[in-house]
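Go by the hints and put chain B onto chain A.
Here's the letter readout for the chains.
2 protein chains.
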Amino acid sequence: MFELLKTTGSARRGRLTLEHGVVETPIFMPIATRGAVKTLGMQDVAKLGAQIILGNTYHFLLRPGLEAMKKMGGFHKLTGWSKPVLTDSGGFQVFSLSKINKTSEEGVEFASHIDGAKVFLSPEASMEMQAALGGDIIMQFDDVASGISTRERYEDAMERSLRWAKRCKESKQDNGQNLFGIVQGGTHEDLRTRSIEGLKGIGFDGYAIGGLSVGEPREDMYRMVEHCCKKLPTDKPRYFMGGGMPEEIVRNVNAGVDMFDCVLPSRNARHGTLFVWKQDPSTIDFRSNPTDFYERYHAGAERHAFEDGPIDPHCDCDTCKTVSRSYLRHLFAVGEAVAERHATIHNIRFYLKLMEELRKSLE
Amino acid sequence: MFELLKTTGSARRGRLTLEHGVVETPIFMPIATRGAVKTLGMQDVAKLGAQIILGNTYHFLLRPGLEAMKKMGGFHKLTGWSKPVLTDSGGFQVFSLSKINKTSEEGVEFASHIDGAKVFLSPEASMEMQAALGGDIIMQFDDVASGISTRERYEDAMERSLRWAKRCKESKQDNGQNLFGIVQGGTHEDLRTRSIEGLKGIGFDGYAIGGLSVGEPREDMYRMVEHCCKKLPTDKPRYFMGGGMPEEIVRNVNAGVDMFDCVLPSRNARHGTLFVWKQDPSTIDFRSNPTDFYERYHAGAERHAFEDGPIDPHCDCDTCKTVSRSYLRHLFAVGEAVAERHATIHNIRFYLKLMEELRKSLE
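For the protein sequence lines, the chains are A and B, in the order given. So for the first sequence, my numbering puts the first residue at 1; every next one is plus one. So for the second sequence, my numbering puts the first residue at 1001; every next one is plus one.
This is chain A alone, in the form it adopts within the complex:
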């Protein structure tokens, strides 16, 4: 399923062959939380060049629910998206979005953030829901400690995540889905090492680095990623969960990560903050300049009211080709919904283009 094509330093150029298509890595996965990348149609997402997108199990579990999803025939059937999909386990959202009633070794009982309904999620329940969603890659259910936890809490969460990883592997259906384990252990090298050894012992199709980009200092995050990449098997894909800014992606690619997802491009877009290239992206040397290649552009700022050029002259997205700075500024100023769409198209394209250039630089 994973082919390592070339290694440059610690950075890897690879290829995932999945049921719904081939994914060239390193890759960024736009997030289709509830079955849509916010403000976009699936046609738009395909046109932007996305190779794989992410769906959130937690949200589908609440609406439309397990039985409806089974009846519908899965994420691809429901949304019309035909390329690969990764679903997360629901663990992160249970801990971040909902009110938890009770956490036990068995699983987590929580109140839906929508209507307060009681829902139970466990390794087995997550596997069942992810089977119903039918993603090409599914994630183990894990216990997520917040970014400011004690070592004891990190250790407990890591150990429980390992036990839950085993239960996920054991309860996973034999349906061709690829199951990834999740490395936990906070910002402690030794805990991360134990987590990796435990996961390798169970054996997974890929390994995710979880529990980072959750409030810890950025240098701790980099340190953990570099540590994990040294310990993880080289013949399996590595997925850094939930991060981050463009320079973080570059640095983590250089550390050896293959897959990324993040809400930043779409969330920033909806608030009018766009990422723009400082120079033609094909001319950037990401090894010598891993950080200073982009700027933030505030689309609604008054200073853009009479600028008739494109948002980003180095970008090939529909927004940069058809929407002027003054028009986008006007749309944000008066509050037209399509402003968020135009901005999202650009930011997602920025991230996907970044990955294209990183792949080229590794060839």
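Hints in this document: simulated from the structure, not taken from any laboratory. Keep in mind that a hint or two might mislead.
What the hints assert, rightly or not - From the structure, some residues in chain B lie toward chain A, with a derived Cβ separation under 7 Å:
(1) R1034
(2) G1035
(3) T1039
(4) Q1043
(5) R1063
(6) G1080
(7) F1306
(8) A1337
Computed from a predicted structure; not experimentally measured. Don't be surprised by glycine CBs; every beta carbon is placed ideally from N, CA and C.
Chain B alone, transformed into the frame defined by chain A:
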């Protein structure tokens, strides 16, 4: 500027030649209130086949304002829309959206519905703002009586609208824009006749039927449209302002109207109500069946949760080609913004297709 190509009964097939392009009539004009057809980009609007769109002077007067609009260089320059544009005068919104401080023969002083700021609009001010917007067709500033007014109020509003029509004609810049007069007079034939005679005496590039679709019984509306069409000059375009449902458009085309605008397709779409064809629209005989050719489709209804076909198998829009009933139902159910976009694309296409078929039936 207007060429009457063919008349069938009272219905007309015509052609408007404008600065930004040719418009085949009868035509429906999607509404880009503040410079965007809500939820759509200008690329989308062009792809749907719109030949001309409408911008609202009132909204541009408030934001970005007259001076900013002059500096920007007009609607086309700001939005990137390259085809014809019609701007209304602001009169209707002043009377329907804002709190009026004082109406006099000179004009109307009102409070902005956004921030309460005092704004003054008059025939001369409307002409100046519409010149700044640079639409191909501009409308006279008129006094709009509500749909439940006394004959006296209708008569006063009609007479004042005539005086304001004259001032619009006199103050209009010699810039190639086409100025339309607006027929008022409520639901009274004799007032409508006097209004038309007065406007013809001043002389306009086209004539709009105003003050209808504002709460009066539908049969009164039809009666007035038929009356006006008999009295209006045949060599100028006729524009029915602000209406209506598909069957109203068919009937008013049959009465001799050439141009329409209406918020119904987009507003209904945003609330999940779609117009769908009862049969292949190319097989509808609108003369023998002017009303029973479509149904309302409630996109968010639970009964569509497991329907995997298109919303409307007779429609050629992107939504019907790529979004299933179950997916659109899911998007409305969870509240994804793109649901409104998918629905708007369909409804606008339905109206534009209706006009295409009506034009074909008149050839």
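Does the interface hint hold: is B:T1039 within less than 7 Å of chain A, judged Cβ to Cβ?
With Cβ-Cβ at 5 Å, under 7 Å, it holds.
Report holds or violated for the interface hint on B:G1080, using the least CB-CB distance to chain A and a cut-off of 7 Å.
holds (6 Å)
Just to be careful: measuring from the Cβ of B:F1306 to every Cβ in chain A, is the smallest value less than 7 Å?
holds (6 Å)
Supplied contact hint for B:Q1043, tested at 7 Å Cβ to chain A:
holds (5 Å)
Return the status of the interface hint for B:A1337: holds when the least beta-carbon distance to chain A is below 7 Å, violated otherwise.
holds (5 Å)
Holds or violated: the hint that B:R1063 contacts chain A, with Cβ atoms closer than 7 Å.
holds (5 Å)
Do the numbers back the hint for B:G1035, that is, is its least Cβ distance to chain A under 7 Å?
Holds, because the Cβ-Cβ distance from B:G1035 to chain A comes to roughly 6 Å (cut-off 7 Å).
So, B:R1034 near chain A? Judge it on the closest CB pair being under 7 Å.
holds (5 Å)
Checked against the numbered hints listed earlier, the structure breaks none of them; every hint is satisfied.
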